[in-house]
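So the protein lines, in turn, are chains F and Y.
Going by my numbering, the first residue of the first sequence is number 19, and it counts up by one from there.
Going by my numbering, the first residue of the second sequence is number 11, and it counts up by one from there.
In short, the hints are calculated from the structure, not lab data.
Be a bit skeptical, because a hint or two may be false.
Facing chain Y, according to a computed beta carbon distance under 8 Å, are these residues of chain F, among others [what the hints assert, rightly or not]: (1) 30; (2) 37; (3) 43; (4) 47; (5) 73; (6) 76; (7) 79; (8) 80; (9) 101; (10) 110; (11) 111; (12) 133.
Since the structure is predicted, the reported quantities are computational estimates derived from the model, not experimental observations.
Glycine included, each C-beta is placed from N, C-alpha and C at the ideal position.
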Amino acid sequence: MSIEKISDPRQVRHWPGHMEADYIYTHGIAGERFFKEIKENGRITGTRCKHCNLVYVPPRIYCERCFEKLEEWIDVGTKGTIQTFTVAYVDIDGSKLKQPTTYAMIKINGTNGGLLHKIGEANLKDVKIGMQVEAVFKPKEEREGSVNDIKHFKPVK
Amino acid sequence: MFGKKRVAIVGAGLTLFRRNLKETGKELCYEATKMALDSAGLTLKDIDSVAFGSAPDAFDGIHMKGENMIDSAGGWRKPFSRVFVGGGTGVFTANAGWWHVASGLFDTCLVVAEEKMSSCYPHPAHAFTTIFDPIMSRPLGTTLIWIFALEMHRYMHRHGIKKEQIALVSVKNKKNALDHPCAQLGANITVEDVLNSEIMCWPVQRLDISPTSDGAAALVLASEDVAKKITDNPVWIDGVGWCIDSTYWTNRDLYYPDYVEYAARMAYRMAGIKNPPKEIDVAEPYDPFDYKELHHMEGLLLCKKGEAPKLTEEGVTQRDGDLPINPSGGLLGVGNPIAAAGLMKVCEIFWQLRGEAGKRQVPGDPRTGVAQAWGDLMQYGSVIVLRR
Ligand SMILES: [Zn+2]
């Protein structure tokens, strides 16, 4: 077999191709209600399993542990705790980003769940694990029922 | 004993791991499979079944690549199946081969794993973007590296681990790989080289990461009665385990891989292992990033939580240390064609226990080894325990 170290696949005999497929994803039963609350009311919601005493964020219509149907929806507030974060310096192709972006895993306070999101309105050097942050929503007229209706999370003053 | 029959590995094969090999995925599979058969002194006629493993179709760019690879994995007109559990596929394919034979259904089984990641151009990172939840994660522009960065940071924070300590893993594995004839990234590097390499997504830097690779690996399994006719030197599969945690990885504490512990406990129970650090002589935990080796040593119960960096600093995990970890050079050194990389680890333990690892041989006549792979969204562990 060949042992040469080829760094560009175009150096070997090849056939370019692509697999084209477009998708339309539904938000689902739980997702639709979750995003409607965000879009219309600026509220983050979760569902509670009373058997396991767990609050799921993002909400689900079933509990993965006991397999009961979940029907109790609760407003979980907009505050959370940074569990961990990263500062992205490169994009997906490895090219330098103009502006490093901070992404965090945020545990929503009082729940067993969390959201992945950007951290904004903060000095990079001040961002710490354990820090309290709150969701900043886009103006209502700009919201479209997406996770990006939350602009970012910012430190709680 | 679990199952109807005890199962042995009687042969192994591995291709070069490289970025952009000329061979197609099929041709790589053929090379590894033929080598495994030859090393067992068998031909395709002796094979009753095939367990094949490959990670996302999007890497090779062939939807249903399991079917595409059948002929090259020795599956022509045979009972053939493909298993897939993301990055955990390589070790899980060996587990699947085990139950083909342990069930008593087949006397022999070929285990083949393949990945040709370089087909995805310009970079397979694009194939990874579609593994994330389309509603909650993808609109944020999630990339694979930053989810690793989130896990690495959480692990460092929880135990007060420094980057310098983690970098030692990359230094060790790339050095070990210098002795591996298939290795892509064997090198003598220093901790400073790692710390000075490009920051991708803090705390992940360029030299914390394994490369994009093409490659294939294969094993031949046989039931006890058949194995004893094939070789005087069988290596027994004495334990298999696998476990998956919640897909909602934002709902878990990433500092510790519980699912690896559960998979390990399943395999250890089967193998009768009560004290893993004492009873295991050599280990190949999954190391696509340097911190993952440490994370997985802890999940495999080879040390206490947060203790792996200290053992690494003390040299315990070097090839001549008390508990050699990734003597092959691992994914960081040998390369990371996903499923093939996991099975490469099983091949390495097989060669180590047979005393056939050449310059990579760990001293002390090892009798028991463990290999582990990890995958999906920070949630899946597969473990195999081998004994001589
Ligand atoms: Zn429940």
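Quick rundown of the hints versus the structure:
For residue 30 of chain F, the suggested interface contact is upheld, since its CB lies about 5 Å from the closest CB of chain Y, less than 8 Å. Look at residue 37 of chain F: its Cβ gets to within about 6 Å of chain Y, closer than 8 Å, so that hint holds up. With a cut of 8 Å, the hint placing residue 43 of chain F at the interface with chain Y holds, because the nearest CB-to-CB distance is about 4 Å. With a least beta-carbon distance of about 12 Å to chain Y, the hint placing residue 47 of chain F at the interface is violated under the 8 Å criterion.
At about 10 Å, the closest approach between the beta carbon of residue 73 of chain F and any beta carbon in chain Y exceeds 8 Å, and the interface hint on this residue is violated. Hint status for residue 76 of chain F: holds, given a least beta-carbon distance of 6 Å to chain Y, under 8 Å. Because the smallest distance between the Cβ of residue 79 of chain F and any Cβ of chain Y comes to about 14 Å, over 8 Å, the interface hint for this residue is violated. A least Cβ separation of about 12 Å between residue 80 of chain F and chain Y goes past the 8 Å threshold, and the interface hint is therefore violated.
Hint on residue 101 of chain F holds. Least Cβ distance to chain Y is approximately 6 Å, under the 8 Å limit. Interface hint at residue 110 of chain F: satisfied, since its Cβ lies 5 Å from the closest Cβ of chain Y, which is below the 8 Å cut-off. Here the hint on residue 111 of chain F is kept, as its CB sits about 6 Å from the closest CB of chain Y, short of 8 Å. Of the supplied interface hints, the one on residue 133 of chain F holds, with its beta-carbon coming within about 6 Å of a beta-carbon of chain Y, less than 8 Å.
Hints 4, 5, 7, 8, counting from the list given before, are not met by this structure.
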